[in-house]
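Chemist: Sequence:
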Amino acid sequence: MFPAERPRRLRATPALRRLVAETSLEPRHLVLPMFVADGIDEPREISSMPGVFQHTLDSLTRAATEAVAAGVGGLMLFGVPRTEDKDANGSGATDPDGILNRALRVLRDELGDSTVIMADTCLDEFTDHGHCGVLAADGRVDNDATLTRYVDMAVAQAESGAHLLGPSGMMDGQIAAIREGLDDAGRQDTGILAYSAKYASAFYGPFREAVGSSLSGDRRTYQQDAANRRESLREVDLDLDEGADMVMVKPAMSYLDVLREVADMSTVPVAAYQISGEYSMITAAAQNGWIDRDAAVLESLLSIRRAGADIVLTYWAAEFAARL
Numbered sequence: 006m007f008p009a010e011r012p013r014r015l016r017a018t019p020a021l022r023r024l025v026a027e028t029s030l031e032p033r034h035l036v037l038p039m040f041v042a043d044g045i046d047e048p049r050e051i052s053s054m055p056g057v058f059q060h061t062l063d064s065l066t067r068a069a070t071e072a073v074a075a076g077v078g079g080l081m082l083f084g085v086p087r088t089e090d091k092d093a094n095g096s097g098a099t100d101p102d103g104i105l106n107r108a109l110r111v112l113r114d115e116l117g118d119s120t121v122i123m124a125d126t127c128l129d130e131f132t133d134h135g136h137c138g139v140l141a142a143d144g145r146v147d148n149d150a151t152l153t154r155y156v157d158m159a160v161a162q163a164e165s166g167a168h169l170l171g172p173s174g175m176m177d178g179q180i181a182a183i184r185e186g187l188d189d190a191g192r193q194d195t196g197i198l199a200y201s202a203k204y205a206s207a208f209y210g211p212f213r214e215a216v217g218s219s220l221s222g223d224r225r226t227y228q229q230d231a232a233n234r235r236e237s238l239r240e241v242d243l244d245l246d247e248g249a250d251m252v253m254v255k256p257a258m259s260y261l262d263v264l265r266e267v268a269d270m271s272t273v274p275v276a277a278y279q280i281s282g283e284y285s286m287i288t289a290a291a292q293n294g295w296i297d298r299d300a301a302v303l304e305s306l307l308s309i310r311r312a313g314a315d316i317v318l319t320y321w322a323a324e325f326a327a328r329l
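Going by my numbering, the sequence shown opens with residue 6, and the numbers climb by one from there.
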């Protein structure tokens, strides 16, 4: 009458659970997204993302240095220009003195090769219309004209010190165009972390505040439909064929099924981005006393790793790297 199999034996103590754990979470798995803003004199907390800041160059350097000391695997940098510096073509993205390129130089000078410095290679923060590319006369994003801007942006970021570039605009052919542009510029060693499966998600809301987005409308004509799964595998295949060094699934927690399939078929490391809305949901629930914050954060990160992510971009990277 008694069970012949007793799996609970291996759950009896913390030491046993640690011994047989199938998934690990280490500081090197975590990448910290960071925002650097032009025209501010001190760090500015993002109201919809408590604990996350738009940084000055000085505070960015301090926070980045602390994150690297905690053991994070890398830093993903987003630039926030002044409103008056935005235009239709996102000129600030390719300006050597634009906020993102200046920040990349500062971090590379300060940190060298002690961490992996990544840059968001997308125009949305720099355009006055808030879209990820150049607009055609009819108001739609012009894919091929945008590729030209991406190449110029990629070269500027590589020359500013980025180790890895993160094209996140979901333009067709963007990885091939950027790879060719980097190689032609003598930047063969600069890698590409392709945002291969990036979905048009409702969970990006707080990020729009973080980067001071000027977007009107949505990005559903170029980001993926939440209903689709096979499409993401096609996008990953295309990016691999075009020369991606890593691929990304974004968001993470609502797309763990996609992440698992991408991890199963990818021949390169797979990243997943725990985005702003995921951060804000857990933070808000914890502030209301509804959940145990630290336990929920750790569980969420482990779930992303368990689904197949080699690398997790998360706003908790520095904090949990230090704890781990």
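Just so you know, the hints here were simulated from the structure itself, not pulled from any lab data.
Fair warning: there could be bad hints in the mix.
To be verified - Pairwise CB distance ranges (calculated):
(1) Arg67 - Pro101: 19 to 29 angstroms
(2) Ile296 - Arg33: 25 to 35 angstroms
(3) Gln292 - Gly248: 16 to 26 angstroms
(4) Arg113 - Gly248: 47 to 57 angstroms
Glycine is no exception: its CB is placed at the ideal position from the N, C-alpha and C atoms.
Chemist: Could you say whether the range 47 to 57 angstroms given as a hint is met by the Cβ separation of arginine 113 and glycine 248?
Modeler: Between arginine 113 and glycine 248, where Cβ atoms are some 23 angstroms apart, the hint is violated.
Chemist: Could you see if the CB distance from arginine 67 to proline 101 stays within 19 to 29 angstroms?
Modeler: holds, 24 angstroms
Chemist: Mind checking the hinted window 16 to 26 angstroms against the Cβ distance between glutamine 292 and glycine 248?
Modeler: Cβ of glutamine 292 to Cβ of glycine 248: about 43 angstroms, so the range 16 to 26 angstroms is violated.
Chemist: Looking only at beta-carbon atoms, does the pair isoleucine 296, arginine 33 fall within the given range of 25 to 35 angstroms?
Modeler: holds, 27 angstroms
Hints 3, 4, counting from the list given before, are not met by this structure.
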